[in-house]
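Trainee: Sequence:
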Amino acid sequence: MHATIGFLMFTVLLSAVPVQSPAAATQQPLPAELSAESRACIKCHKNDQVSLYQQWGSSKHYRANVGCYECHRADEKDADAFEHLGVFISTIVSPRDCSRCHSKEVGEFEHSHHAKGARILGSLDNTLAEVVEGNNRMVTDAFPQGVSSAAVNGCWQCHGSEVKVLPDGHLDPATWPNSGIGRINPDGSEGSCTACHQRHEFSAAQARHPNTCGKCHMGPDHPQKEIYEESKHGISFFANVEHMNLDSEKWIAGEDYFHAPTCATCHMSATKTQRVTHDIGMRISWNNRPAVSVRPEVSDAKMGLPGKDVGWEKRRDSMQEVCKSCHNEGWTKNFYVQYDALIELYNEKFAKPGLALYELTKPLKKPVEFSNPIDFTWYEIWHHEGRRARHGVSMMGPDYTHWHGTYEVAKHFYSEYVPELEALIEKGADSGDPKKVEAARNLQAKLEEVLNSSDHRWYLDKMDPAEAARRAKATEEFRKRYQK
Numbered sequence: 034m035h036a037t038i039g040f041l042m043f044t045v046l047l048s049a050v051p052v053q054s055p056a057a058a059t060q061q062p063l064p065a066e067l068s069a070e071s072r073a074c075i076k077c078h079k080n081d082q083v084s085l086y087q088q089w090g091s092s093k094h095y096r097a098n099v100g101c102y103e104c105h106r107a108d109e110k111d112a113d114a115f116e117h118l119g120v121f122i123s124t125i126v127s128p129r130d131c132s133r134c135h136s137k138e139v140g141e142f143e144h145s146h147h148a149k150g151a152r153i154l155g156s157l158d159n160t161l162a163e164v165v166e167g168n169n170r171m172v173t174d175a176f177p178q179g180v181s182s183a184a185v186n187g188c189w190q191c192h193g194s195e196v197k198v199l200p201d202g203h204l205d206p207a208t209w210p211n212s213g214i215g216r217i218n219p220d221g222s223e224g225s226c227t228a229c230h231q232r233h234e235f236s237a238a239q240a241r242h243p244n245t246c247g248k249c250h251m252g253p254d255h256p257q258k259e260i261y262e263e264s265k266h267g268i269s270f271f272a273n274v275e276h277m278n279l280d281s282e283k284w285i286a287g288e289d290y291f292h293a294p295t296c297a298t299c300h301m302s303a304t305k306t307q308r309v310t311h312d313i314g315m316r317i318s319w320n321n322r323p324a325v326s327v328r329p330e331v332s333d334a335k336m337g338l339p340g341k342d343v344g345w346e347k348r349r350d351s352m353q354e355v356c357k358s359c360h361n362e363g364w365t366k367n368f369y370v371q372y373d374a375l376i377e378l379y380n381e382k383f384a385k386p387g388l389a390l391y392e393l394t395k396p397l398k399k400p401v402e403f404s405n406p407i408d409f410t411w412y413e414i415w416h417h418e419g420r421r422a423r424h425g426v427s428m429m430g431p432d433y434t435h436w437h438g439t440y441e442v443a444k445h446f447y448s449e450y451v452p453e454l455e456a457l458i459e460k461g462a463d464s465g466d467p468k469k470v471e472a473a474r475n476l477q478a479k480l481e482e483v484l485n486s487s488d489h490r491w492y493l494d495k496m497d498p499a500e501a502a503r504r505a506k507a508t509e510e511f512r513k514r515y516q517k
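Letter 348 of the sequence shown, counting from 1, is numbered 381 in the numbering used here, and no numbers are missing.
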């Protein structure tokens, strides 16, 4: 009875507390030490962009007297600077601007693959968006010859644009707005902190949530978000998100939260022995982006990054230390045995021979990229299905590893890729062109070598007799086990 009365009194008192509307909140006094320049900004923006003002008012920036001007201030000589209310500012807050306070974080980020994301702009991927999918009919001042709207609205929004400043100081609409993580900024810096830390609240909880990574890390060619959601990690996170303590100051697994890791936990966040890192490659032991998986120091060396001197073994030790926040050493090491085995399977059975065969097709097909069916077939084998298998196993997503991954790789390798190779061989051999005849002979020899290897000879009905007998026995035992 007393508990009921107490609850009713609490309810009445709570209902008597006035709920502050957003409009009323804009009337609250500003921090006493906020700069005069930021105060001048707020006079207009708190009414014209109420949501922006409210986000900032909920941020740590607000509590630290970091206002509009502290982030947006610019030097008069900056390429994108313009005068506003007697001071010079810029629309874009670049990593170089953020480094005025966050030098460690920006320094780490600058050395990461994230910061170099816009280097895709001249790659095979971008050729698809610019030419195969797109055209040059999006004409702007910075692109008088036109640019593909497929690239502008697709590739560039995740990888980043090269922001162009027009003679009148405005930013070209083909390149801005853009929050791509590898954006090339007018001040020459690479990257966009707001790709992960959304303005203007810059919430740690938001940046740590897997949905943040899901803006880019999803879809047919890199479905990390979907893989995470099917994994035990993702299931546990979404079932216990209210217990994740995402806004904790230090946010250490095993101390501040216990139910599940997020993307940030494994790749970036602090542990009991490691500090936070903004170089997301420092804990991975395979780079599964290219056609053939390579060790991360190899790809870092190609990109001229300091990570070239950090071996995969050290990176794996760092990741395993994260795993041990929840798992014992034996469990962790056994997972990596499974992981390495799948990468080796993909590399040795499909990627390396597939790539070698594709290189030999070049004299036998039209030279323009993606003008041949086999170009699409091989591209999707490694870029879509092969990545899904590798990303799936790396994050313990069995369906993506198998049905969306290795099954699709094998299906298209045997049912499309091999027949297309055979068609090119036949056409080249019958061409009457000595160079093409020779190229067809070389491709034929390589294809025979691949198909007669232990990995593929089943396709030619040449399976090792002992293995065939074992499989027949297992099939019969399975049939008997389940027959009525």
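Keep in mind that a hint or two might mislead.
[Unchecked claim] Calculated lysine to aspartate or glutamate pairs in the EDC-like style (CA-CA distance at most 20 Å, straight line): (1) LYS305 / GLU392; (2) LYS399 / GLU509; (3) LYS79 / GLU103; (4) LYS469 / GLU392; (5) LYS382 / ASP466; (6) LYS444 / GLU163; (7) LYS469 / GLU459.
[As the list claims (entries may be wrong)] Restraint-style ranges between C-beta atoms, simulated for each label pair: (8) GLY179 / LYS395: 22 to 32 Å; (9) ASN361 / GLN87: 44 to 54 Å; (10) SER182 / PRO323: 22 to 32 Å; (11) PRO253 / GLU66: 49 to 59 Å; (12) ARG170 / ASP497: 53 to 63 Å; (13) ARG170 / THR306: 48 to 58 Å.
No wet-lab data here; the hints were simulated from the structure. Quick reminder that beta carbons are idealized off the backbone N, C-alpha and C, glycines included.
Trainee: Does GLU459 sit within 20 Å of LYS469, going by the straight-line distance between their CA atoms?
Mentor: Roughly 10 Å separates the two Cα atoms, so the pair holds.
Trainee: Should the hint that SER182 and PRO323 are 22 to 32 Å apart at their CB atoms be regarded as holding?
Mentor: holds, 28 Å
Trainee: Would the hint linking LYS382 and ASP466 be met if the CA-CA limit is 20 Å?
Mentor: Violated - the C-alpha atoms of ASP466 and LYS382 are around 32 Å apart, more than 20 Å.
Trainee: CA of LYS444 to CA of GLU163, is that 20 Å or under?
Mentor: Since the Cα atoms of LYS444 and GLU163 sit roughly 29 Å apart, the hinted pair is violated (cutoff 20 Å).
Trainee: So if I understand the rule, the pair passes when the alpha-carbon distance is 20 Å or less; does LYS305 with GLU392 pass?
Mentor: At roughly 48 Å apart (the allowed maximum being 20 Å), GLU392 and LYS305 break the hint.
Trainee: Regarding ASN361 and GLN87, is the given constraint of 44 to 54 Å on their beta-carbon distance met?
Mentor: Distance hint for ASN361, GLN87 holds at roughly 46 Å.
Trainee: So the hint says 49 to 59 Å: do the beta-carbon atoms of PRO253 and GLU66 match that?
Mentor: With Cβ atoms ~50 Å apart, the hint holds.
Trainee: Tell me if the straight-line CA distance from LYS79 to GLU103 falls inside 20 Å.
Mentor: holds, 17 Å
Trainee: Holds or violated: LYS399 with GLU509, Cα cutoff 20 Å?
Mentor: This hinted pair is violated, its Cα atoms lying about 49 Å apart.
Trainee: Hint check: LYS469 vs GLU392, CA-CA at most 20 Å. Holds or violated?
Mentor: holds, 14 Å
Trainee: Does the beta carbon distance between GLY179 and LYS395 stay inside 22 to 32 Å, or does it fall outside?
Mentor: Given a distance of about 30 Å, which is inside 22 to 32 Å, the answer is holds.
Trainee: That 53 to 63 Å hint for ARG170 and ASP497 (C-beta), does it hold up?
Mentor: Cβ of ARG170 to Cβ of ASP497: about 57 Å, so the range 53 to 63 Å holds.
When the structure is compared with the earlier hints, violations turn up for hints 1, 2, 5, 6 and for no others.
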